[in-house]
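Student: In case you want the letters, here they are:
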Amino acid sequence: MKKFTFISLIGLMVILTLSACGSKASNEAKTSDYPNKAIQIVVPWGAGGDTDAINRLVAKELENILDTDVVVKNVSGGSGVVGAQQVLNADNDGYTLLSIHDSVAMSQLTGQSDFGYFDFEPIALMTSTYDAVATNPDSPWDSMEDVVEYAKENPGEISYAASIGSTSQLEPALIETAAGIDFNIVGYDGTAKRMKAVVGKDVDLGGVSVVAGKDYLDDNRMKLLGYTGEERSPVLPDLPTLKEQGIDVVSATNRGLVAPKGTPKEIIEKLSNALEEVATSEAFTSKMEELSTDVNFKATEAYNEFLKKNEKDMKKSLKKSGLLAE
Amino acid sequence: MENVLLSFETILNVQTMTILLIGVVAGIIVGSIPGFTITMGVALTLPFSFSMDPVNGIALMMGVQVGGSSGGLITACLLGIPGTPSAMATTFDGFPMAKNGEPGKALAIGLWASFIGSIISGVILIFMAPLLAEWALEFGPWEMFALMMFGLSAIASLSEGSLIKGLMSGSLGILFALVGSDPLTAIPRFTFGFSQLSAGFNFLPVLIGLFAFSQLLGDIKNPPQSFNIDQHTNITYPFKKAIKDMWNSTGNVIRSSLIGTFVGILPAAGGSIANILSYDVAKKFSKKPFTFGKGTKEGIIAAESANNSSVGGALVPMLAFGIPGDAVTAMMLGALLIHGIQPGPLLMESQPILVNGVFISFFLAAFLMLLVQSFGIKLFLKINQIPFHYLVPVILLLCVLGSYAVNNRIFDVWVLLLFGLIGYWMKRNQFPLPPFILGIILGPMIESNLRQSISLEPVTTFFTRPISAVLLVLAALSMIYGVYSNMKSNKQLEN
Chain S
1 MKKFTFISLI
11 GLMVILTLSA
21 CGSKASNEAK
31 TSDYPNKAIQ
41 IVVPWGAGGD
51 TDAINRLVAK
61 ELENILDTDV
71 VVKNVSGGSG
81 VVGAQQVLNA
91 DNDGYTLLSI
101 HDSVAMSQLT
111 GQSDFGYFDF
121 EPIALMTSTY
131 DAVATNPDSP
141 WDSMEDVVEY
151 AKENPGEISY
161 AASIGSTSQL
171 EPALIETAAG
181 IDFNIVGYDG
191 TAKRMKAVVG
201 KDVDLGGVSV
211 VAGKDYLDDN
221 RMKLLGYTGE
231 ERSPVLPDLP
241 TLKEQGIDVV
251 SATNRGLVAP
261 KGTPKEIIEK
271 LSNALEEVAT
281 SEAFTSKMEE
291 LSTDVNFKAT
301 EAYNEFLKKN
311 EKDMKKSLKK
321 SGLLAE
Chain U
1 MENVLLSFET
11 ILNVQTMTIL
21 LIGVVAGIIV
31 GSIPGFTITM
41 GVALTLPFSF
51 SMDPVNGIAL
61 MMGVQVGGSS
71 GGLITACLLG
81 IPGTPSAMAT
91 TFDGFPMAKN
101 GEPGKALAIG
111 LWASFIGSII
121 SGVILIFMAP
131 LLAEWALEFG
141 PWEMFALMMF
151 GLSAIASLSE
161 GSLIKGLMSG
171 SLGILFALVG
181 SDPLTAIPRF
191 TFGFSQLSAG
201 FNFLPVLIGL
211 FAFSQLLGDI
221 KNPPQSFNID
231 QHTNITYPFK
241 KAIKDMWNST
251 GNVIRSSLIG
261 TFVGILPAAG
271 GSIANILSYD
281 VAKKFSKKPF
291 TFGKGTKEGI
301 IAAESANNSS
311 VGGALVPMLA
321 FGIPGDAVTA
331 MMLGALLIHG
341 IQPGPLLMES
351 QPILVNGVFI
361 SFFLAAFLML
371 LVQSFGIKLF
381 LKINQIPFHY
391 LVPVILLLCV
401 LGSYAVNNRI
411 FDVWVLLLFG
421 LIGYWMKRNQ
431 FPLPPFILGI
441 ILGPMIESNL
451 RQSISLEPVT
461 TFFTRPISAV
471 LLVLAALSMI
481 YGVYSNMKSN
491 KQLEN
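These protein sequence lines map, in sequence, to chains S and U.
Take 1 as the starting number for the first sequence in full-length UniProt numbering and just add one per residue.
Take 1 as the starting number for the second sequence in full-length UniProt numbering and just add one per residue.
These are computed hints drawn from the structure, not numbers from a lab.
Warning: the hint list may mix true and false statements.
As the list claims (entries may be wrong) - Within a straight-line C-alpha distance of at most 25 Å, the following computed DMTMM-like cross-link-like pairs (lysine to aspartate or glutamate) qualify:
#	chain 1	residue 1	chain 2	residue 2
1	S	K73	S	D114
2	S	K73	U	D53
3	S	K319	U	D182
4	S	K152	U	E457
5	S	K223	U	E349
Chain S with its partners taken away, still in its complex shape:
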């Protein structure tokens, strides 16, 4: 019994210590001298991914421009929901920002989360990345037209690897509705895993990133059938877009930054201006080119409009493909 008391005492001590850690120092931030302490960018994905890499570059450039520390904090899990939740509840003093992409709306519309773009204050859009549809070199198809033709005759037979619950799931869903065909969509999380599944001939089609895809293409281990951008990619000018092939689909991962709801306008504006400087800096643009990502800066107002349209479009296509949560 005595020992039990002892153990519970230890437990209590730990709990007390922890709750002390949890209490926030309420700090009245003055908007005029913002920023006067370190800014935190929450990246709701693991360290080392594309989103992480891009945000670390943004953070590095922001440090110089705002003359304060900018820290990237990775809070991964639940297709980005866990990290986003943290910022949703954070102080709206401009010292906690969230890196987002289309998955925020995707999670909300498919019923995996109960918040969307406008539960935050959008700051600015930074980049857009497009994908390519890939297959293995021995497959009978040489274009998306061939794929559509085959799929019309054999509905549901062509397997398409996509990470379900994120933007890559949207790709096959959009193609399905635009072309009036059916795929067998199989869950594979992560571009690299999808790529290996395509090269290893485990699946018929998969969405892959253009830089990575180019390498496989040069090695003749992959055929690329279409590009999801509005226009052709400068990296692969020979690859026709889906639109050119009669499939009216444009799909991208659009990465931007948002702040908790109610963050003062002055702060948002200051951040948006600073981010514009980042987006136009030589250091940032050259790195993005290497990652085959388009710098697509939109300041707060334009970003707001962009998100509204993005959400509407996504809703429409999700509804068409039956993924929309009721």
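Knowing the structure of chain S, use the given hints to seat chain U on it.
Tutor: Here is chain U on its own, set in the frame of chain S:
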């Protein structure tokens, strides 16, 4: 060969070697602190690596990883707490050996096994990496599923005493692994409306809770005697003897290093699986399987050479497909991407100097690790002189910090406490913990691979694809053998 020499030239300069050394020392430190993982150590180096040139950046991370893999064995042997997840099986024999009065021997054998494991896998990589990459492509979801089943079959032999309790423990592990977003459809499962649970239980706080926190709770109840060391004898273990031990177990060392390297090559398999799997195989191959778990050097050798060689193996899918084998290679991948280097099938041909540079820095890190640890071990053995009531709160605090740092949230600390209590209860009721861990690591991988497989091809494909069929047969044999030897040892106990 020319390229290999050129790569040596790029690595063998004062700057890179210093970076490598710093990495190794930092790795040993983070690896030896329970709750602090190699992953955290590497994450700390990530921002620095952005401003270095790619080879140096990778060398820094490599140092941390190799140092860390060997640092994990220190607490595993001395305290029975794995310093990192991949040192779990090291505790099975390392801790009993230390308790039997030979902590120096346990550490020395573990260190040399780590070293030789790294060297063997380094040699394999330098000469066979492109071939191995080709081989890894053969592994579709069917083969991965079969391999994971083989891993899971180890439950049978890791359940000391009661097989039923082992199976229950393993199932419980799989059950906890189900919590969180469905891996294929991202629909939340068993989250009971807590959004914090949508990512599931993070593996690290669970592991620290089960092994470290529960161990500390138990220690509070029954303060352990410090090791039965005769103060007059020398507790350090001479080099010559350690090398001789290795020599006498050549078969075990080579087998375990091969298992480690191959498991490492398979995407997402990682060091913790290599560590347990090779321990289990060593036990099955051993003429004296009953000595396992009681402090045999064979167990330490199998566990430690496998986890270090898997570090090398994991580099292959990272460089060849851009698929990280574990969290650490994921960060190395990030460091490469930021420098505009895109891993892929062409990387090994287009950037041979960089690729071999990565392998060679892995190789050299192993030598530095051996050097640093040879002095370090003497220092670490002094832990025995620290009174227990100082040690426990410090370790507990570090565990809490480590759990928090995994994902920067307090929630994971609660997970640590919860699993500490679960582990404590399980131990008191003679439920073996290793099957639980196997379940929680392998469960999600088995699930996604199984579901991918059956949504692509009919179920019979598992038996028509040769590698998958062979692995499934092995899994069945391993299960039967495990049950058989379990029954045999129970009978011996009765007589």
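Student: Does E457(U) lie within 25 Å of K152(S) when you go C-alpha to C-alpha?
Tutor: It holds: about 20 Å lies between the C-alpha atoms, which stays within 25 Å.
Student: Are the Cα atoms of K223(S) and E349(U) separated by 25 Å or less?
Tutor: holds, 20 Å
Student: Are K319(S) and D182(U) close enough, with their CA atoms no more than 25 Å apart?
Tutor: holds, 22 Å
Student: Regarding the pair K73(S) and D114(S), is the alpha-carbon distance no greater than 25 Å?
Tutor: Status holds; Cα separation ~23 Å.
Student: So if I understand the rule, the pair passes when the alpha-carbon distance is 25 Å or less; does K73(S) with D53(U) pass?
Tutor: holds, 24 Å
Comparing the model with each numbered hint stated earlier shows that all of them hold.
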